[in-house]
Structure formats: structure tokens, C-alpha cells
Amino acid sequence: MIRVVLPSHLRKLVQIEDELTLAVEAPVTQRSVLDALEAAFPALRGTIRDYNTQQRRAFIRFFGCSEDLSHEAPDALLPDKVADGSEPFLIVGAIAGG
Amino acid sequence: MSKVRVLVGTRKGAFVLSADGKRKNWTVDGPYFAGWEIYHVKGSPVNPDRIYASQSSGWSGQVMQRSDDGGKTWNPVGNQFPYDGIPGTHQWYDGTQHPWEFKRVWHLEPSLNDPETVYAGVEDAALFRSSDGGQTWSELSGLRNHDTGPKWQPGAGGMCLHTILLDPSDPKRIFIAISAAGVFRSDDAGSTWRPITRGLKSNFLPDPTAEVGHCVHRIAMHRSRPETLFMQKHWDVMRTDDAGESWHEVSGNLPTDFGFVIDVHAHEPETIYVVPIKSDGEHFPPDGKLRVFRSRTGGNEWEPLTAGLPQENCYVNVLRDAMAVDSLDACGIYFGTTGGQVYASADGGDTWAPIVRDLPAVLSVEVQTLA
Chain A
745 MIRVVLPSHL RKLVQIEDEL TLAVEAPVTQ RSVLDALEAA FPALRGTIRD
795 YNTQQRRAFI RFFGCSEDLS HEAPDALLPD KVADGSEPFL IVGAIAGG
Chain B
157 MSKVRVLVGT RKGAFVLSAD GKRKNWTVDG PYFAGWEIYH VKGSPVNPDR
207 IYASQSSGWS GQVMQRSDDG GKTWNPVGNQ FPYDGIPGTH QWYDGTQHPW
257 EFKRVWHLEP SLNDPETVYA GVEDAALFRS SDGGQTWSEL SGLRNHDTGP
307 KWQPGAGGMC LHTILLDPSD PKRIFIAISA AGVFRSDDAG STWRPITRGL
357 KSNFLPDPTA EVGHCVHRIA MHRSRPETLF MQKHWDVMRT DDAGESWHEV
407 SGNLPTDFGF VIDVHAHEPE TIYVVPIKSD GEHFPPDGKL RVFRSRTGGN
457 EWEPLTAGLP QENCYVNVLR DAMAVDSLDA CGIYFGTTGG QVYASADGGD
507 TWAPIVRDLP AVLSVEVQTL A
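For the protein sequence lines, the chains are A and B, in the order given. All residue numbers for the first sequence refer to my numbering, where the first residue is 745 and numbers rise by one. All residue numbers for the second sequence refer to my numbering, where the first residue is 157 and numbers rise by one.
Same shape as in the complex, but just chain A (with noise of 0.2 Å):
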């Protein structure tokens, strides 16, 4: 299982409140995880990707094992620990807007 933590805005969206656990299929990369997170929340469309471009964006960054994989390639492999679920993937609310 994949632990994912969202940005407090969107943890109030879809009306959880911690971090949660998605099941996700090898390969696990951002943009598996992001489709299994937005199937299983779907009112997280377009608030994490683009709709049209399916990109990051601009004001949203992923983070894992501490290290910031916001310019990783989509399809890229998540890092093992957080492909095992032992150290959760990030995805946080850049310092923007007010």
C-alpha cells in the first residue's frame, strides 16, 4: 500500500483527516499514484494536475524520503521506500498566495 499525504486544503475537500493508503500496482510512479488517488477521491481532479495538460501544478509539489520529486518525469519510479509504503509520498501546497 502507498501512503499519500495531501496539503491541508485538500484534506478538507474530500473531508479527511490524515494521511491515507492507496492500493497501487507496479509501477509505482507519480502518475499511478495519482490516478489511483484521484479514482478513489475523484473530486481531486484537476486540483493536483491539470485537467488538459495533466501536468503538475505550478503551486503544488511532491515530496518523498525527503527529497523534493516535483521534476521527476510523471512515469518515473518512486523511491522503493515509498514504493513499499514505509515513508509516505507528499504532496504539499508551495509557499504561495496568502
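Treat the hints as calculated values from the structure; they're not laboratory data. Fair warning: there could be bad hints in the mix.
Cβ pair distances, simulated, as ranges [what the hints assert, rightly or not]: (1) B:PRO255 <-> A:VAL749: 30 to 36 Å; (2) B:SER402 <-> A:GLU761: 57 to 63 Å; (3) B:PRO411 <-> A:PRO818: 38 to 44 Å; (4) A:PRO786 <-> B:PRO255: 25 to 31 Å; (5) B:GLN253 <-> A:PRO818: 28 to 34 Å; (6) A:THR765 <-> B:ASP250: 45 to 51 Å; (7) B:TYR471 <-> A:HIS815: 40 to 46 Å.
Note that the structure is predicted; figures quoted are calculated from it, not measured. For glycine and all other residues, C-beta sits at the position ideal for the given N, C-alpha and C.
We have chain A already, so just place chain B on it with the hints.
Then chain B, alone, in the frame of chain A:
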């Protein structure tokens, strides 16, 4: 006994303010969608329990919400607003062409006869319609694809379609307004459109009487006279009596004719309200005095309404969607400020009192009159 429900959109959430018909004692519920920008919240005139809300954030873009119980509970609905075909370009601030890009929903206009149908005015300017309660949205692309589309340009707040008026006497007639393109009318339910700007004059344009490019801030209609529209333009308060075929200025004795809001009394179609703002560069009331101006003559002759409003050191703005009227007798008038106050008058504007004083900056105010 009658009740009113005021729907307030703010920079950091939505609030629902409720009172009985006396409009003296208010209940404040919210914030809903705390932390998100709520550009607009509006209920269906057919089913007042059906309310739509536009929710957005810089992080996560556009979300749409729907309530089926009068705002007590909400559920996300469809938030995909695909432009029809290849979007093309419009004019950018520097005069170059810029691709149309969806940013947010500014205004929601529920159908007058079907609670499942709702229109959305968006930035970059386009009109969308949903016929399934907001689950899916389709563009009425005849508007954006009008020949003048490449000449449209954003105002300071973005290129937003912010006003949608549905003609209660003709279901095929729709008026919309865009900053800074102007005002358009469709007579075929949104398939085709034409600018209705004859009589508008905007000195910031190379051609002040150009067909498009006018920064229309708001238009308002009384449902008994759908051919008469009132407009608060960037500068100038305007009026048409022929559904936009020609406009004439009715600014009259206003202290300044810049402003954002304009609305019409629920029972007196010649009684209109504006909140004058000092200038395009100074978005606050003249002399630090927050005054609503009322005309009982359809414009030109205006009286200041000050009772209960701050008359010194007030430097808030009142944004274009932040005024509404209820349909009780006497008519209630409501407006919200960028300082977080929502003011109400239960006597047609003669006297005012704040319902709340310290909300986040108010973006929109709507009111529902409930049996």
C-alpha cells in the same frame, strides 16, 4: 413567516447569514470551504435549497460545490471547463495575442426555470452551461468565437465574464458582460452573440466608442422590464431601454461615476443603487465616507444614503458581485466590502446596519427570499 438567506463569498470561505423577515437578528454560519476563495454563491430561483458555489485556490485551481439542503451540506461537482475546440487567442496587456486559458469561475447564474441548469461565467472570458446540476459543463462557444474575440483584453482583475442576466420574458435572450470586452446579447439561447455597446464611451480606448474593449463592471435588470438595463462601467453609469441597442449616461449628480456594483429595487424598477468609488486608481469611497447612492428616477438624480454607514475613515471597496436585493416588502438591500463587512438595509436603503463586521474580504453577496 418569510425569511432571508444571504450567501456571502469571501477570499477565505463562504458564509450564510440568515434572518426572519424583520431582518434584525441574524445567524451567521460558516466559514464553509475555509481557506478557499469563494467568488460566487447563488441559489436556484426554482428550488432555493439548490445552491451552487465557485471555490478556487492558487494551489489547486477550480472546484465547484453544490448544496441540496439550503447550504447546510455541500458536495463537489464537476470542475472541468473545457474550451470548445482550439481556444485561439485574445489580446494581452502588451497588445500581443495570448492563448485563452481557463482560470476560475467568477459568476454562477442558475436557470430561472430548471434547477439542474446553471450558467457559469469564467476567466478567461467564456460562458459555460451545465444541464445536470453542475456535474458537467459545456461551453457556449459562439460568444468566445465572436469575430471580435481576438480584440478582447483583460482588465486589472483579469479577463472575466462576471455578469449573466437571463431574460424572464424570453428564455432565448441572455445578456453577459466581460471586463474588458463589453456587453453582449444572445437572442438564440446562447448560440450566437453580438456586442451591444452603442452609446458607451471609454476614454482609455484608442477609439473611445469602439465596438468592444469597454470595461463593463456590472449590469442589472428589473425582471418586469427586461429591455431596461442599468450599467456601472469602469467610469459612467449607463442605461438602455431597448435591450442594449443604445445606451445613455445617467451618472447625473453622483460624486464620482466610477464604481463596481449596481442593482435595482425589487418592486420599483426605476429605483437603482450604486456605491461610488473614488477612481480607477483609488478603489475606496470618496472622502472616506461609505455612501450608497439611490436614484428613484432611473438615474441622473441621485441621493446619498448614509444612515448607519461609516462616514469617516472608511477606505474599503465594494466589488462587482457584492450587492443584492431581497424581494420582501419593504425591499432589503445588501452589500459586502473588502473590509469584511456585510451591510443590510431593511427599508430600501434609508437605514443600514452591519450584519457582520469582520469577515475576510467579501467577493460576492446574493440573497434568497424564502417563504
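Okay, the hints, checked on the actual structure:
no.: 1; hint: B:PRO255 <-> A:VAL749: 30 to 36 Å; result: 34 Å, holds
no.: 2; hint: B:SER402 <-> A:GLU761: 57 to 63 Å; result: 58 Å, holds
no.: 3; hint: B:PRO411 <-> A:PRO818: 38 to 44 Å; result: 57 Å, violated
no.: 4; hint: A:PRO786 <-> B:PRO255: 25 to 31 Å; result: 28 Å, holds
no.: 5; hint: B:GLN253 <-> A:PRO818: 28 to 34 Å; result: 30 Å, holds
no.: 6; hint: A:THR765 <-> B:ASP250: 45 to 51 Å; result: 49 Å, holds
no.: 7; hint: B:TYR471 <-> A:HIS815: 40 to 46 Å; result: 43 Å, holds
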